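Asks: Residue numbers (the working numbering), protein chains in the order written: chain W, 1 to 324; chain B, 1 to 439.
Source of the hints: derived by calculation from the structure; they are not laboratory data.
Just so it is clear, the structure is predicted and the values come from calculations on it, not from any experiment.
Here a beta-carbon is modelled for each residue, glycine too, at the ideal position from N, C-alpha and C.
Be careful, since some hints might not be right.
Quick list of simulated restraints, FRET-style, between CB atoms [what the hints assert, rightly or not]:
1) Tyr-389(B) to Phe-166(W): 22 to 30 Å
2) Val-66(B) to Leu-8(W): 27 to 35 Å
3) Leu-8(W) to Gly-317(B): 54 to 62 Å
4) Tyr-389(B) to Ala-62(W): 52 to 60 Å
5) Arg-416(B) to Thr-142(W): 24 to 32 Å
6) Phe-301(W) to Arg-360(B): 53 to 61 Å
7) Leu-8(W) to Lys-51(B): 54 to 62 Å
8) Pro-65(B) to Arg-208(W): 54 to 62 Å
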Amino acid sequence: MTDTGFLLRSSPHLKARDSVPKIMYAVVISLMPAMAASFYFFRLKALAVYLICLAGCLATEAVFLRVRKKPMSSLWDGSAVITALLLAMTLPPDLSWDIVLIGSVIAIALGKQVFGGLGNNIFNPALVGRAFLQVAFPVAMTTWSPPATLVIDTVTYATPLGNLKFQGALAQGTLTPLSDLFWGNTGGCLGETSSLALLLGAAFLLFRKTIDWRIPAGAILALGAFTGIFWLTSPQEYASPLFHFLAGGFILGAFFMAPDMVTSPITPTGAWIYASGIGLMVGLIRLFGGFPEGVMFSILFMNTFVPIINRYTRPRILGQRRGT
Amino acid sequence: MQKKTFHHGIHPPEHKHFTETKKLEPLPAPDKVFIPLHQHFGAPAKPLVKKGDEVLLGQKIGKSPVLFSASVHSSVSGKVLSVDGYAHPLGKPVTTVTVSNDGEDRLAPETQGHENPFSLSAEDIRARVKEAGIVGLGGAAFPAAVKLNPPKDKAVDTVIINGCECEPMLTADHRIMLEYPDDVIQGAELVRIATGAQRIIVGIEDNKLDVYKQLRQRDYAFPVEISLLKTKYPQGAEKNLIAALLKREVPRGGLPFDVGVVVQNVGTAKAVWDAVAHGKPLYERALTVSGSGIAEPKNLMVRIGTPFQAVIDHCGGLKEQSNLVVMGGPMMGLTQWTTQVPVIKGTSGILVWSEEKPAREYNCIGCARCVGHCPMGLVPTQLMKFIKYDALADAESAGILDCVECGSCQYSCPARIPLVHWLRLGKNKIISEKRKKSA
Chain W
1 MTDTGFLLRS
11 SPHLKARDSV
21 PKIMYAVVIS
31 LMPAMAASFY
41 FFRLKALAVY
51 LICLAGCLAT
61 EAVFLRVRKK
71 PMSSLWDGSA
81 VITALLLAMT
91 LPPDLSWDIV
101 LIGSVIAIAL
111 GKQVFGGLGN
121 NIFNPALVGR
131 AFLQVAFPVA
141 MTTWSPPATL
151 VIDTVTYATP
161 LGNLKFQGAL
171 AQGTLTPLSD
181 LFWGNTGGCL
191 GETSSLALLL
201 GAAFLLFRKT
211 IDWRIPAGAI
221 LALGAFTGIF
231 WLTSPQEYAS
241 PLFHFLAGGF
251 ILGAFFMAPD
261 MVTSPITPTG
271 AWIYASGIGL
281 MVGLIRLFGG
291 FPEGVMFSIL
301 FMNTFVPIIN
311 RYTRPRILGQ
321 RRGT
Chain B
1 MQKKTFHHGI
11 HPPEHKHFTE
21 TKKLEPLPAP
31 DKVFIPLHQH
41 FGAPAKPLVK
51 KGDEVLLGQK
61 IGKSPVLFSA
71 SVHSSVSGKV
81 LSVDGYAHPL
91 GKPVTTVTVS
101 NDGEDRLAPE
111 TQGHENPFSL
121 SAEDIRARVK
131 EAGIVGLGGA
141 AFPAAVKLNP
151 PKDKAVDTVI
161 INGCECEPML
171 TADHRIMLEY
181 PDDVIQGAEL
191 VRIATGAQRI
201 IVGIEDNKLD
211 VYKQLRQRDY
221 AFPVEISLLK
231 TKYPQGAEKN
241 LIAALLKREV
251 PRGGLPFDVG
261 VVVQNVGTAK
271 AVWDAVAHGK
281 PLYERALTVS
291 GSGIAEPKNL
301 MVRIGTPFQA
311 VIDHCGGLKE
321 QSNLVVMGGP
331 MMGLTQWTTQ
341 VPVIKGTSGI
351 LVWSEEKPAR
361 EYNCIGCARC
371 VGHCPMGLVP
381 TQLMKFIKYD
391 ALADAESAGI
401 LDCVECGSCQ
411 YSCPARIPLV
421 HWLRLGKNKI
431 ISEKRKKSA
């Protein structure tokens, strides 16, 4: 301000309308179909997990903002809500409430705030929370129940990928049908089972250009290529790329977690490297690793490389000679 | 119709409807003009008059001491009231010749034209352009005579006449092309002769189809190509325009000369014609007065040295709640602290509107929009962090000096980070360190 009352500032003087909270809430909206699907398939159990995650994440965020003397408006910028929803979606439906709460506190505290809050974290916060629970409560984290829509007589139940890995589903012909994976009529983490619901939300994000299309594209291509080679050489031994695409947490990971802006590269080349790294690792773990599923580890693993990828994949500057 | 364009960039709202259909209207010369001796890229001009002198319209009152400078001429006839420091739209006070207008517009004798300008030699054209104090009228105010004088080892084959006017809100170039098409094209031919080029290309964005059609339909005595470009910001930035029209890339740190090109704005082309054919020095220019804070937005032909306030008064005055006065376009223009500053050669527009309190700034969330929109292929958020933590060498090797400050990054930043501000700061720091080292 000056004595004439005119503002003094540097250009530009125009601004696009999108803002950090708008981006965050667009992601929240994109998660709605998958949330609705989890309520349908897992009923009230699902609602409880979501609510505990929201309470745990927002409370932890609020405590840190207060202690670090940061503006309390950040609590509602939408980022903590996304972490809560994503974490809930990666948890088994029957997880007890105290474990869920621990996971959500860890997600915000160790996944985000210790690095300096939104924008500074290296790892996807929801996945940090989940990884912690996976290590601390390995049995609870791998106990699955069937969806309410599936009438079977067992209490415990294996996920499609668990079936594939440990039960020899392919040889016995008990592989989960692709249609069940597509609609979500199967077991698994809360928000990952219905491919249709997830893809609806993903289409919204892609249409709005909220996420970089290269990241899901790169992950799908890499996973497809890796699993495709094995499937083509020996289809009786290996599941098809389409199965791998629809089963487990791949869609949730490829469209909602890997493209997390803070923890993914900012250069176009970097996005391809990062995404294909994730796709390859998912294939490797699923086919040859000790776990049936590998989306979480793959994303966390590739998150580590983001700063260095950014540094070495800068675009060519206009007028820069190629290769210099 | 095939539309040419460059990579990246943005599509800000154009807001050109305020003025695009309004004819250029001459603003009566005010009672007093304030003519700064430094209105251009390069060294300030040396005063040729002192307090009490009588001056004529078009009389040279400031002489350019070196090649990178431009002479300054009186925009009215009358008496010199003072030669002293005065407020300037670039921020710092500048030595300014204040002339009281006698209202007679008595023309200086040296303003002589030439009957057949196309018969002049390259050297004659350059001399007349230099004499007339012409600078680039797109906004950067680069001395035109320098651009017309390519180094011996760089052959220029193409003259590009920049009719993009890619800045939102501005429409003065649009009106010049519509109302003075012959002057622009003939000026372009003089530029071609002066630079020894073979081709003339006029680049026009597709939001000015009326101009495009009109220029296409005319007959010219010499070859002129009229080329349509996509409406995208910053289409009119020199390096991007060359890439769009010719698929040539000006090397990093280089000039358009390096790829055989000279770019001149349409207003500059007209000024070249006026100077060479009619002997008219650059003492007035077209500009757009617009924005929601202006009662009656207009396109005006304004004498250099007219205070902003006089221009704004002619447009019905300021609306009360206005708090932002910008010289130039809304993407690259400079905010003003007072409306007493004079119109200078680089004043392409005077924009006024009211701005609310800025929204809060967030940490960078790595959305990469600044990367996706940078027309130079830079990674603005990374550069911003380098500058924030004083890693000047890293910033330089990441290309900070290639930044043209177009503002596409900051425009698209959802975290509201003042990226251009950081990049400008970094560029200044690096350049001043280099000066220190070489000194």
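Asks: For Leu-8(W) and Lys-51(B), compare the CB-CB distance with the range 54 to 62 Å and indicate the outcome.
Replies: Between Leu-8(W) and Lys-51(B), where Cβ atoms are some 32 Å apart, the hint is violated.
Asks: Given the range 24 to 32 Å, decide if the beta-carbon distance of Arg-416(B) to Thr-142(W) lies inside it.
Replies: 44 Å, violated
Asks: Do Phe-301(W) and Arg-360(B) keep their Cβ atoms within the hinted range of 53 to 61 Å?
Replies: Since Phe-301(W) and Arg-360(B) have Cβ atoms about 34 Å apart, the given range 53 to 61 Å is violated.
Asks: Could you say whether the range 54 to 62 Å given as a hint is met by the Cβ separation of Leu-8(W) and Gly-317(B)?
Replies: Violated, at about 22 Å.
Asks: Using the Cβ atoms, figure out if Tyr-389(B) sits within 52 to 60 Å of Ala-62(W).
Replies: For Tyr-389(B) and Ala-62(W) the Cβ distance comes to about 29 Å; the hint is violated.
Asks: Quick check on a hinted range of 27 to 35 Å for Val-66(B) and Leu-8(W), using CB atoms only.
Replies: For Val-66(B) and Leu-8(W) the Cβ distance comes to about 32 Å; the hint holds.
Asks: When you take the CB atoms of Pro-65(B) and Arg-208(W), is the distance between them in 54 to 62 Å?
Replies: Holds, since Pro-65(B) and Arg-208(W) (Cβ atoms, about 56 Å apart) stay within the stated range.
Asks: Could you see if the CB distance from Tyr-389(B) to Phe-166(W) stays within 22 to 30 Å?
Replies: 50 Å, violated
Violated hints for the displayed structure, listed by number in ascending order: 1, 3, 4, 5, 6 and 7.
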